[in-house]
Structure formats: C-alpha cells, structure tokens
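Residue numbers (my numbering), protein chains in the order written: chain X, 1 to 97; chain U, 1 to 263.
In case anyone wonders, no lab produced these hints; they're calculated from the structure. A couple of the hints might just be wrong.
[Claimed, not checked] Listed next, the in silico DSS-like pairs over lysine-lysine satisfying Cα-Cα at most 30 Å (straight line):
id	chain 1	residue 1	chain 2	residue 2
1	X	LYS47	U	LYS210
2	U	LYS210	X	LYS10
3	U	LYS210	X	LYS69
4	X	LYS82	U	LYS210
5	X	LYS10	U	LYS209
6	X	LYS10	X	LYS69
7	X	LYS69	X	LYS47
8	X	LYS47	X	LYS82
9	X	LYS10	X	LYS47
10	X	LYS82	X	LYS10
11	X	LYS82	X	LYS69
12	U	LYS209	X	LYS82
[Unchecked claim] Quick partial rundown of chain X residues pointing at chain U, CB under 7 Å, derived from the structure:
id	residue
13	LYS10
14	ALA12
15	ARG14
16	GLU15
17	ILE16
18	ILE23
19	PRO25
20	ASP27
21	VAL30
22	ILE57
All values reported here derive from a predicted model rather than from experimental measurement. The C-beta atom is built at its ideal place from N, Cα and C for all residues, glycine as well.
As a plain string of letters, each chain reads:
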Amino acid sequence: MNPFPERNPKLAWREIDGEAVIISPEDSHVHELNETASLIWTNADGKHSVDEIVGVIAARYEVPLVEAKADVDELIEVLSAKGLLVASKRAEVPAGA
Amino acid sequence: MGPQASAQGSLRPLNISIGRVPLSLVIPGPHLREKALTRYREFTANSEAGLPVVLRTDAQSDARPVHDDPNFSYVLDDASLRLDSSGAEFHGVRHEYALDSLIRILLTMVLLPQRGFLLHAATVVREGRAYVFTGRSGAGKSTVASLSPAGTVLTDEISLLRFSEGCWQAYGTPFWGEFRAAGQNEHYPIAGIYTLVQSAEDRVESLTKKEIIRALLPCVLFFTPSVEANQDMLRLMLQFVTQVPCYRLHFRRDYGFWNVVAA
Chain X
1 MNPFPERNPK
11 LAWREIDGEA
21 VIISPEDSHV
31 HELNETASLI
41 WTNADGKHSV
51 DEIVGVIAAR
61 YEVPLVEAKA
71 DVDELIEVLS
81 AKGLLVASKR
91 AEVPAGA
Chain U
1 MGPQASAQGS
11 LRPLNISIGR
21 VPLSLVIPGP
31 HLREKALTRY
41 REFTANSEAG
51 LPVVLRTDAQ
61 SDARPVHDDP
71 NFSYVLDDAS
81 LRLDSSGAEF
91 HGVRHEYALD
101 SLIRILLTMV
111 LLPQRGFLLH
121 AATVVREGRA
131 YVFTGRSGAG
141 KSTVASLSPA
151 GTVLTDEISL
161 LRFSEGCWQA
171 YGTPFWGEFR
181 AAGQNEHYPI
191 AGIYTLVQSA
201 EDRVESLTKK
211 EIIRALLPCV
221 LFFTPSVEAN
231 QDMLRLMLQF
241 VTQVPCYRLH
251 FRRDYGFWNV
261 VAA
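Modelling step: build the complete structure from the supplied sequences, incorporating the hints.
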C-alpha cells in the first residue's frame, strides 16, 4: 500500500457538511464520501502517512489504533481502486536518497 | 438590396445579450444571420457590443479539449467552438440549432466567473419572484410550465441563474424545449428551487445541502474537463444552495402543486 496516499489531482472536490463531494471532469462522474472516507480524503495530501491518518481517525472516533488501521487500510484500498487516490511522488523516492 | 450590400450586412455583428452577457455574433451567411435574428429577437434590444463570437464555415479538426489548455474548446458533432481571452470562434455551424447549442456551451464558461450557470430547469414567475423547477428529462419541467398561466413561464427547459443586484436571479433565455417560445429578456429574484419528483400527493420537502447538490449537479450544463473550472463550479453551487431555499417537490402533475410551493 502507498504509505503517503494523495488525492488524484485530476479531480475537483468540495467538502459539504463534513463530507466530500468529488467530480471527475473527464466523465462528469460524481463521487460522494461518507464522513470517515472524507476524513481520509482531506488528509490524503501526499504528506501525511497512512499511520498519521490512522491516528487522526482513531482520535476522532475514539477507537483503538488497530481498529482504525483496519478501516483506513480498507478505505484507502477502495478509494485507490476507484482512482480517487494516487501514489504520492514522495512514495517513489528511494529510502536514503 | 444587391448581393454586395447583403454580404456587408451579414458581416455586421449581431449584438445580443443573454443573462446580461453581451455577445457580438459575426455570422458570414445572410441565411443563418436571418435565422439568428429571428431566434434571438427578444435578446437584441438595448444590447451593446460584447464578447466577439466569429462564425467560420470550415470545420476545425483540432478542437478536442485537453486538460492543460488554458483556453476552452469543445466539439459538438460537426461543429466546434474555441474560446480564448480575445473572444470565441465557432466552426462548422450550418444551422441555427448548432449555433444555439454552441452559444449555450459558450455561456457556461463565460458565466462561471460572473457567478452564473445554466441549469436544466423550468422557471415560472409568480408575484414578481422566480420559482425554478429542475430535474432530468421526463421529471416534469414541461408539465410545470404547461400548468402555469400564459406569460408567466420564463423558460421551460434551460434556466440561467446568476448572482446579481445583491441576490440570485433567474434570467429568461432563448433556450426552450417543447414550448418553442422566443423567450423573455427579463430577470427576477429566485424564490426557491424545487427538484421534481412525481408523486401521488403534492408536498414540499426540505433538503440538506448535500442532497440538493446531489440533485442539482446532473442538471447543471457544464462541458469543460478543466479541474480548476470544475472546482469553481462546485464552489459556486455550494454558494447557491447556501443562499437559495432548496426543496424537493413531490407533485401530482396537476395545478395543485402551487398550493404547497407558494404557501
């Protein structure tokens, strides 16, 4: 899994009442995220690591880190499969480079 | 009038104004110019020279939109448009219907920075205020228009909504559906927007911002692949739904819906 998930820059989005509405201009498809997925989405800036996002989710919902990590991993996988999240360039930099 | 005078006349810009967006159409052929004069006759009054829109008879093959192009281009069947900072060019326009379509597409781009957009919606004026009824094809826009008194329908198909004079206003357009009217070049403050649902009862339901955005987005006319422009459109839609009362209208396709809409 990409350790630094990043929002697909080819998408337009706004947060409405705490939930993200995302438009794919290429096909005019509209995606709507629930509150948890929206929290991941807004933190997926290519700078926050998955572990940091897990920390945000765990704190928001007051759940153990293990439980939050399972949810975050699953949602990142789903969002990536839909093309909403992409691999961050930061993740492509070799360690120690 | 001789051929030379006719040709000169056809090169004189036809100035129109739709939703307070002035356009100067340069139409090369007298036949198409006459058709445009007829179609936009209600929108030529008091109009001044505006954004130049030059019609070319040739087709343009390289007008496909690309993401990083700072200018806007769009291909519609055999016709196309290109918009840059100096004006717009329409290519391959052979009849007034293609001209009408390209003007609509052009307006979506010109209106955006002016806090305006086009929406698939019928608009009816009642006691000086505009009631906007939106929905996809078959939702009941034409039915609402047909159930409204003559002269009160601002449009039965495409509404032009923009923020001006301190509030959101609905403007008349020449873009009509089944009614095929010339349109009225007038504007009225918006009383509310109603997404149409056919039902066994007449009832108005309040919507959350997200619900109304979900209902409106498929009905907004927007054609650019630009992420930035789509971001601007989303921002504008959020402003709109925050500032205009938005409802879902369950209606029986008869006149009774006015009892709940204007209650």
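Status of each hint after checking the structure:
Distance restraint check for LYS47 (chain X) and LYS210 (chain U): the Cα-Cα separation of roughly 28 Å lies within the 30 Å cut-off, and the hinted pair is therefore satisfied. For the hint pairing LYS210 (chain U) with LYS10 (chain X), the CA-to-CA distance comes to about 22 Å; that is within 30 Å, so the pair holds. For the suggested pair LYS210 (chain U) and LYS69 (chain X), the alpha carbons sit about 28 Å apart, so the restraint of at most 30 Å is met. For the suggested pair LYS82 (chain X) and LYS210 (chain U), the alpha carbons sit about 21 Å apart, so the restraint of at most 30 Å is met.
Of the pairs offered as hints, the one joining LYS10 (chain X) and LYS209 (chain U) holds, with about 24 Å between alpha carbons and a cut-off of 30 Å not exceeded. Restraint check for LYS10 (chain X) and LYS69 (chain X): satisfied, since their Cα atoms lie roughly 27 Å apart, inside the 30 Å limit. The straight-line distance between the Cα atoms of LYS69 (chain X) and LYS47 (chain X) is roughly 18 Å, inside the 30 Å bound, and the hint therefore holds. Our distance criterion of 30 Å between C-alpha atoms is met by LYS47 (chain X) and LYS82 (chain X), whose separation comes to about 21 Å.
Using a Cα cut-off of 30 Å, the hinted pair LYS10 (chain X) and LYS47 (chain X) holds, with the two alpha carbons roughly 18 Å apart. Among the hinted pairs, LYS82 (chain X) with LYS10 (chain X) is consistent with the structure: their alpha-carbon atoms are about 13 Å apart, no more than 30 Å. The straight-line distance between the Cα atoms of LYS82 (chain X) and LYS69 (chain X) is roughly 20 Å, inside the 30 Å bound, and the hint therefore holds. Simply put, LYS209 (chain U) and LYS82 (chain X) have alpha-carbon atoms about 25 Å apart, close enough for the 30 Å limit, and the pair holds.
Interface restraint check: LYS10 (chain X) against chain U, minimum CB-CB distance 6 Å, threshold 7 Å, status holds. The closest approach between the C-beta of ALA12 (chain X) and any C-beta of chain U is roughly 4 Å, which is under the 7 Å cut-off, so the hint is satisfied. Because the closest C-beta pair between ARG14 (chain X) and chain U is about 4 Å apart, less than 7 Å, the hint holds. The interface hint given for GLU15 (chain X) is violated, since its Cβ lies 9 Å from the closest Cβ of chain U, which is over the 7 Å cut-off.
At a threshold of 7 Å, the smallest CB-CB gap from ILE16 (chain X) to chain U is about 5 Å, leaving the interface hint in force. Hint on ILE23 (chain X) holds. Least Cβ distance to chain U is approximately 5 Å, under the 7 Å limit. The beta carbon of PRO25 (chain X) is positioned within 7 Å of a beta carbon in chain U (closest approach about 5 Å), and the interface hint is therefore held. With 7 Å as the threshold, the beta carbon of ASP27 (chain X) stays out of range of chain U, its nearest partner Cβ sitting at about 9 Å, so the hint is violated.
Here the hint on VAL30 (chain X) is kept, as its CB sits about 5 Å from the closest CB of chain U, short of 7 Å. A least Cβ separation of about 21 Å between ILE57 (chain X) and chain U goes past the 7 Å threshold, and the interface hint is therefore violated.
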